[in-house]
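Start counting the sequence shown at -16; every next residue gets the next number (my numbering).
Keep in mind that the hints were calculated from the coordinates and are not lab data.
For each label pair, taking beta carbons as the anchor points, the in silico distance ranges come out as:
{"id": "1", "residue 1": "ALA79", "residue 2": "ASP37", "range": "21 to 27 angstroms"}
{"id": "2", "residue 1": "GLY51", "residue 2": "GLU121", "range": "33 to 39 angstroms"}
{"id": "3", "residue 1": "GLU132", "residue 2": "GLY174", "range": "24 to 30 angstroms"}
{"id": "4", "residue 1": "GLU132", "residue 2": "ILE101", "range": "21 to 27 angstroms"}
{"id": "5", "residue 1": "SER124", "residue 2": "MET20", "range": "43 to 49 angstroms"}
{"id": "6", "residue 1": "PHE87", "residue 2": "LEU161", "range": "26 to 32 angstroms"}
{"id": "7", "residue 1": "ASP160", "residue 2": "MET20", "range": "39 to 45 angstroms"}
{"id": "8", "residue 1": "GLY200", "residue 2": "ASP4", "range": "20 to 26 angstroms"}
Virtual Cβ for every residue (Gly too), placed ideally from N, Cα, C.
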Amino acid sequence: NDCGLSLGQFLYHNKHKIKDDVVYNGFEILDESDFEMFKDQYSATICDVSDIVDLVKDGKIIGIIGGGSEIGPRALGNRSIICDPSRKDMKDILNAKVKFREWFRPFAPVCRYEDKDIYFDKVYESKYMSFAPIVKEEYKSKLSSITHEDGTARLQTVRKGQHELFYDILTEMKERDLTAVILNTSFNIKGLPILTTIKDALYVLDNTELDYVYCKGYLFKKR
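With the sequences and hints as input, model every part of the structure.
Below, the structure written as structure tokens:
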């Protein structure tokens, strides 16, 4: 399908063998050279993983932009919006006030690879959201914003070396004895492609009910 077109072009123009996973070999942040300017404009503050978990558990919605953008599969951590899937109204808030799309559109969960069997039944490793396992009965109400009508969820599993930020967020949640699952969706709004600039990320921050943008270890809030 169309997901292979960009990868095909990449391989065509790079004649050497590609041995590594190319999922994050898309565009780097195109205006990364302007980072200091944006940081000053928004009075961005240093933010660590513990801070991110505090915000997620407080019901905040955070856009993440960093590194190379995803090729093919989307929203695998470098161009993502994350929040707490245990809040029953979170799916409706995201669709109506951030993504501006139909009410029935679903969202995906992320958990650590080693925790997948805690929350899901008959689950495989799913680095690219390729599978939709069944949410275990005891977690369907706790994870209502990522559970489909048929009881499944399009899961992304992460290992430490796969996506360090997501893994560290989930590990911090686990260490706090929280349900170590986050809701994840692509960082864009209806009618626009996945963003590739800090400027576009801050546009979403200023023009939707997104609460924060996280970039390069800093937290941006609405001006």
